[in-house]
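Participant: Sequence:
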Amino acid sequence: MGSLTTPSSDRRAAVSLFSRLRTAEGQADPFPLYTELRSRGGVAPAPWGGFLVTGFDTCDRILRSADWLEPDQGWRDRQGPRTRWSAPSSREIGSTMPALNPPEHTRVRRAAGGFDRASIQRMGPTVSRLTDGLLDSLTERLKDGGGEADFAALVSEELPVATIGAWLALPSADWPRLRELTHEQVFTQELLPSASQLARSDVAMAELRAYFTELIRERRRRLGDDPVSRWIGTWDAMEPDRDKADEAVYFLALFVLLAALETTSTLLSTMTLLLVGEPARWDLLAARPDLAPAFVEETLRYDPPTHVISRVAGKDCLLDGFEVRADDMVHLMVGAAHRDPAKHPDPDRFDPHRGTAAHHLAFSGGIHYCLGAPLARLEAHTLLRQLVGRLPRLTLVRRPPMAPRVAFRRLLSLDVALA
Numbered sequence: 005m006g007s008l009t010t011p012s013s014d015r016r017a018a019v020s021l022f023s024r025l026r027t028a029e030g031q032a033d034p035f036p037l038y039t040e041l042r043s044r045g046g047v048a049p050a051p052w053g054g055f056l057v058t059g060f061d062t063c064d065r066i067l068r069s070a071d072w073l074e075p076d077q078g079w080r081d082r083q084g085p086r087t088r089w090s091a092p093s094s095r096e097i098g099s100t101m102p103a104l105n106p107p108e109h110t111r112v113r114r115a116a117g118g119f120d121r122a123s124i125q126r127m128g129p130t131v132s133r134l135t136d137g138l139l140d141s142l143t144e145r146l147k148d149g150g151g152e153a154d155f156a157a158l159v160s161e162e163l164p165v166a167t168i169g170a171w172l173a174l175p176s177a178d179w180p181r182l183r184e185l186t187h188e189q190v191f192t193q194e195l196l197p198s199a200s201q202l203a204r205s206d207v208a209m210a211e212l213r214a215y216f217t218e219l220i221r222e223r224r225r226r227l228g229d230d231p232v233s234r235w236i237g238t239w240d241a242m243e244p245d246r247d248k249a250d251e252a253v254y255f256l257a258l259f260v261l262l263a264a265l266e267t268t269s270t271l272l273s274t275m276t277l278l279l280v281g282e283p284a285r286w287d288l289l290a291a292r293p294d295l296a297p298a299f300v301e302e303t304l305r306y307d308p309p310t311h312v313i314s315r316v317a318g319k320d321c322l323l324d325g326f327e328v329r330a331d332d333m334v335h336l337m338v339g340a341a342h343r344d345p346a347k348h349p350d351p352d353r354f355d356p357h358r359g360t361a362a363h364h365l366a367f368s369g370g371i372h373y374c375l376g377a378p379l380a381r382l383e384a385h386t387l388l389r390q391l392v393g394r395l396p397r398l399t400l401v402r403r404p405p406m407a408p409r410v411a412f413r414r415l416l417s418l419d420v421a422l423a
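Heads up, the sequence shown is in our numbering, so the first residue is 5 and it goes up one at a time.
Calculated directly from the structure, the hints in this document are not laboratory data.
Quick reminder that beta carbons are idealized off the backbone N, C-alpha and C, glycines included.
One thing to keep in mind: the hints can contain errors.
As the list claims (entries may be wrong) - Just the calculated beta-carbon pair ranges, DEER-fashion:
{"hint": "1", "residue 1": "52", "residue 2": "320", "range": "17 to 27 Å"}
{"hint": "2", "residue 1": "281", "residue 2": "346", "range": "48 to 58 Å"}
{"hint": "3", "residue 1": "218", "residue 2": "346", "range": "45 to 55 Å"}
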């Protein structure tokens, strides 16, 4: 049976590994470091407490099990004051749907609605139209901007905010600031945020609350045919206290915005990086556009937007021989698990022909499987098909810089040129 104690040499080695993950080199290519981490075993004690899980099957099992819970508001309260979990932004994100456990999670997810197959299909023409316009802008910049353009700024960052902004009926003038705030708040969800990063998240989250609180007031005065108005009606029927109903609508709107922007933008940028980095991939998709869905799924396996998902034990248990106590946290190292050779043969090779074998955990699993996964896939499929169908082959100008994160990947730019 494993021990909860970690030898000092192992602890130092693990701390060094995570320090390297935070460097520019580690952010550009964390996968050799994941291989080193995985060599310590599918489950290993984390230097700061809790456990790191790198085995695919164990990560998958935890995500699907009712015995493993989200670190909800009650759990955060139990961690005590003056911890990262007591930061205002952490407490705020702890009340959104992804951080809830049943039965409250079940209630809120049912109230969210709007993400069924028919609803996503209705959004298809909007996504196609928006993608067309963004690719027009990209083409103009490539022709008139010295021969190169930042794909991330012009397309990857714009398509998700335009899609969700149009769906929620948010004024287009607000979209750039909402996108900036989304990038700032994500630090509170990072693996080991610094005090300065938490402060940035606190400021961003306060502004987001103020924005959506005012938006809900306005929608109450003039209810329309939009999701926020429908959520107001839904929660009014469920919650007699008007203030509590409005706060529930706020947390739904906040969740939808955050879920729709950050990770989808990263998916679109990573997908395009993999496409333009190898000419043969562009030629393959241009000849076989039917491979677009498989290309997207392999992108989600090969380098997912979220590299770490955290859960807490609902009760004392054994995890691959380690004693885990109730409330202990495990960090599912999804980026490492996706390269587990026990699950995926030749895991470091990008292969869109894996098809259904490209099983991944990019959208989590179990009851917390990402509600917005169909929308993210719709945007990615649409962009990929239109990109190779409309434009001559693009090439990568330079390797993109990455944001200083471990859990949430983000390309800061993606400079491309006509081949």
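Participant: Please go over all the hints and tell whether each is borne out by the structure.
Facilitator: Hint by hint, here is what the structure shows:
1. Hint check: residue 52 to residue 320, Cβ distance near 21 Å, so the stated range 17 to 27 Å holds.
2. Judged by the Cβ atoms, the range 48 to 58 Å given for residue 281 and residue 346 is violated: they are separated by roughly 27 Å.
3. Distance hint check for residue 218 and residue 346: the Cβ-Cβ separation is about 51 Å, which falls inside the suggested range of 45 to 55 Å.
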